[in-house]
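If you're matching them up, the sequences are chains C and R in order.
Numbering follows our numbering, with no gaps: position 172 of the first sequence is 172.
Numbering follows our numbering, with no gaps: position 243 of the second sequence is 243.
Hints in this document: simulated from the structure, not taken from any laboratory.
Wrong hints could be hidden among the right ones.
Label-pair restraints from in silico Cβ distances [said to hold, decoys possible]:
1) R:GLN90 - C:ALA50: 43 to 49 Å
2) C:LYS48 - R:GLY429: 56 to 62 Å
3) R:ARG374 - C:ARG92: 55 to 61 Å
4) R:GLY168 - C:LYS59: 52 to 58 Å
5) C:ALA54 - R:GLY168: 55 to 61 Å
6) R:LEU368 - C:GLU185: 41 to 47 Å
7) C:GLU185 - R:ALA107: 43 to 49 Å
8) C:LYS59 - R:ARG80: 22 to 28 Å
9) R:ARG426 - C:ALA54: 49 to 55 Å
10) C:GLU185 - R:ASP174: 25 to 31 Å
11) C:ALA50 - R:GLY93: 23 to 29 Å
For glycine and all other residues, C-beta sits at the position ideal for the given N, C-alpha and C.
For reference, the chains in residue letters:
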Amino acid sequence: VKDQGPSLEGLLQHLRDAPAAVRQAKVDTYALVSDVLSDLAAAPVHAKVAQCLATIAAKSHDNGLHFQVVLAWLLSHDSLRAVAERDDASRRVAARLLLEGFPELVANGKAEGLVKDDERAEELVRLVLREFGLRPQGESVGAAEARLAALDSVARAQLLEQSRKTLERARELKVLEAMKRAEQEAAAAKVSRE
Amino acid sequence: MSMVHSWEQAALSPLLSPVALRRIAAMRQHAAAPVFNYVAGDRLIAEDLPQLDAFRRQLGAPVPAPGGAPPQRILERVERWIATVPLYRQLHGTRRGVLDRDWSELATVGRDELAARPARFTPDDQALERLIMYLTSGTTGHAIAVPHHPVAVACYLPLVERALAAHGATLELDPEATACFLVGAQKRTVTYPTALAAWREAAFAKLNLDPRDWREEGDAERYFREHRPQMFSGDPLTFSRFLRLDLGYAPKALVTTAVAMNPVLKGELTRRLSTRVIDWYSLTETGPLACIAPDGDGYEPLAPDVHLETIGADGRPVPEGELGEITVTGGRNPFVPLVRYRTGDWGRLVRRGGHARIVDLEGRRPVLFRTADRCALHPNDLAAVFRAFPIVQHETVQAEDLSVSVRVRAFDSDLPLDAIRENLARLFGPIPRLSVSLDAQLGDEAKVLPYQSAARLEE
Numbered sequence: 001v002k003d004q005g006p007s008l009e010g011l012l013q014h015l016r017d018a019p020a021a022v023r024q025a026k027v028d029t030y031a032l033v034s035d036v037l038s039d040l041a042a043a044p045v046h047a048k049v050a051q052c053l054a055t056i057a058a059k060s061h062d063n064g065l066h067f068q069v070v071l072a073w074l075l076s077h078d079s080l081r082a083v084a085e086r087d088d089a090s091r092r093v094a095a096r097l098l099l100e101g102f103p104e105l106v107a108n109g110k111a112e113g114l115v116k117d118d119e120r121a122e123e124l125v126r127l128v129l130r131e132f133g134l135r136p137q138g139e140s141v142g143a144a145e146a147r148l149a150a151l152d153s154v155a156r157a158q159l160l161e162q163s164r165k166t167l168e169r170a171r172e173l174k175v176l177e178a179m180k181r182a183e184q185e186a187a188a189a190k191v192s193r194e
Numbered sequence: 001m002s003m004v005h006s007w008e009q010a011a012l013s014p015l016l017s018p019v020a021l022r023r024i025a026a027m028r029q030h031a032a033a034p035v036f037n038y039v040a041g042d043r044l045i046a047e048d049l050p051q052l053d054a055f056r057r058q059l060g061a062p063v064p065a066p067g068g069a070p071p072q073r074i075l076e077r078v079e080r081w082i083a084t085v086p087l088y089r090q091l092h093g094t095r096r097g098v099l100d101r102d103w104s105e106l107a108t109v110g111r112d113e114l115a116a117r118p119a120r121f122t123p124d125d126q127a128l129e130r131l132i133m134y135l136t137s138g139t140t141g142h143a144i145a146v147p148h149h150p151v152a153v154a155c156y157l158p159l160v161e162r163a164l165a166a167h168g169a170t171l172e173l174d175p176e177a178t179a180c181f182l183v184g185a186q187k188r189t190v191t192y193p194t195a196l197a198a199w200r201e202a203a204f205a206k207l208n209l210d211p212r213d214w215r216e217e218g219d220a221e222r223y224f225r226e227h228r229p230q231m232f233s234g235d236p237l238t239f240s241r242f243l244r245l246d247l248g249y250a251p252k253a254l255v256t257t258a259v260a261m262n263p264v265l266k267g268e269l270t271r272r273l274s275t276r277v278i279d280w281y282s283l284t285e286t287g288p289l290a291c292i293a294p295d296g297d298g299y300e301p302l303a304p305d306v307h308l309e310t311i312g313a314d315g316r317p318v319p320e321g322e323l324g325e326i327t328v329t330g331g332r333n334p335f336v337p338l339v340r341y342r343t344g345d346w347g348r349l350v351r352r353g354g355h356a357r358i359v360d361l362e363g364r365r366p367v368l369f370r371t372a373d374r375c376a377l378h379p380n381d382l383a384a385v386f387r388a389f390p391i392v393q394h395e396t397v398q399a400e401d402l403s404v405s406v407r408v409r410a411f412d413s414d415l416p417l418d419a420i421r422e423n424l425a426r427l428f429g430p431i432p433r434l435s436v437s438l439d440a441q442l443g444d445e446a447k448v449l450p451y452q453s454a455a456r457l458e459e
């Protein structure tokens, strides 16, 4: 995040302005991703787009594909296109994002939240900027890092997952205890054999 | 006999009236009573009865069509279970809202998962106070513990009523009536008399025909004759002993565990006892699933809250009418809700007159035998041979060198082993060795795997 990039607010507004087709994933993901890649002149062979989207679909189904639609919409913003087109390394970053996305984010929530929930939108924009080695315009390095850490939905999800696992384990022990108790007691009369 | 206290019986049967409790005591003290070794009740409480009535009414609803995704009412339950059951949350969490579309992609579960971590099947919000336990041995003989609920167990009663009604029989239920004796013939099993609140306090007993359970020879017959249970439930091995009994009345039905009832035995029982023999397909994990159709052509699914599928070895559904593993979704055990639970039983799901039936039901994954020239030989061809003889249990094992050894248990003393051997030899051709022997104890120790083969198709 050593350099300043586009304005955060401009990119957030772009997400808020996403058309219904993007918000509701009523768009051909393959066509959209291919188009944005072509615009960046970073288009790999079409078979690779299809293959990468198939991998995402296999892993995270419709939500993963919807996530790529939102990401393609975000990357189509003029300011990010300018960033992506500035050199080959940036083009490769844009291509990787379009083809692979952020699998760990996909697992944490519905893609439609990216255009509905301000915090998730902001996290996505900041992550995309970070991939290009950028921070939002007008922010210090420290402030940008602190804000991204505060928004870190993956870390939050990991914490939640840990506490869910602890709760699940405690519940499992409770059920096992009840089973052990019941083994010492009479079951109920059952009228037929199995 | 251990001392049985009336308070103990009352605690296990909270809804029973003093009349019913006295009746149970009288069944224990009857002059021909066996040496009862257990006390059990239905453990139902007042709030359970409306639930059972609702279930009984629900039985009028159509049974789901087999295969594909379950009907909406079952899908809604599965959605809830994915939210609340740890195992299903883990397996199907990403499929919420698209179950209908993705149904055949959903991972299946089976006995192994239940044996390893049964508590992961229990919803987070399920109260545990009324949990009871059953052990089930399954075909492999490896027992697993299944948590259960008294209401789910009492749901067997309306399902039995439904099966009887399909065969033209109705139980008369009141505190004076004896509804059912569940009989076994085991070295050791729990035995007790009780009464069932959900059957208007009609009496029920679990009994063992092993002579060591009875004081005098002939007591079992006398106990049956004097209590006149309207139906018996049991297995073919036990019912084969009924051919030697003189009950002195015609019970309305013998409800027998599915898969292994030999038609010769069935015919003899029907004729000699002037009764109906109803094959019953039920697993501890799933509860009752189906009973034999009145026309004898396969099993009719019983419960509208259960969805059946048949799946192949790869976990994918097989086309309607093809052989697959019976897989269950739904049920009513609140501690073990089932989502694509593989039963380990194989059969074909077909339609007869718009209704589902299970035909060619087998208690395990089918095996193929090999003839002398290494052609495939289906167990159904062997079954056709065994059906023609008075056989109650049979076991066929083929070795790698194609030799076959067959053990049979007869319910008639003179079993023409040579004739069986000849019939089998015609199927197998000139294999190195084909032995057929009598084993009077076959099935006493463990469930019998009727067909086993180590032979390969090609050399």
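Results of checking the hints against the structure:
1. For the hinted restraint 43 to 49 Å between GLN90 of chain R and ALA50 of chain C, the CB-CB distance of approximately 30 Å leaves it violated.
2. Distance hint check for LYS48 of chain C and GLY429 of chain R: the Cβ-Cβ separation is about 57 Å, which falls inside the suggested range of 56 to 62 Å.
3. Here the CB-CB span from ARG374 of chain R to ARG92 of chain C is close to 59 Å, well matched to the stated 55 to 61 Å.
4. For the pair GLY168 of chain R and LYS59 of chain C, the beta carbons lie near 55 Å from each other, so the given range of 52 to 58 Å is met.
5. In this structure the supplied range 55 to 61 Å holds for ALA54 of chain C paired with GLY168 of chain R, their Cβ-Cβ distance being about 57 Å.
6. Restraint check, LEU368 of chain R to GLU185 of chain C: a C-beta distance of roughly 45 Å satisfies the suggested window 41 to 47 Å.
7. Evaluation of the 43 to 49 Å hint for GLU185 of chain C and ALA107 of chain R yields a failure: the beta carbon distance comes to about 34 Å.
8. Hint check: LYS59 of chain C to ARG80 of chain R, Cβ distance near 25 Å, so the stated range 22 to 28 Å holds.
9. About 54 Å separates the C-beta atoms of ARG426 of chain R and ALA54 of chain C, a value consistent with the hinted range of 49 to 55 Å.
10. Between GLU185 of chain C and ASP174 of chain R the beta carbons are some 29 Å apart, a value that agrees with the proposed interval 25 to 31 Å.
11. About 27 Å separates the C-beta atoms of ALA50 of chain C and GLY93 of chain R, a value consistent with the hinted range of 23 to 29 Å.
Going down the numbered hints, you'll see the structure goes against 1 and 7, while the others check out.
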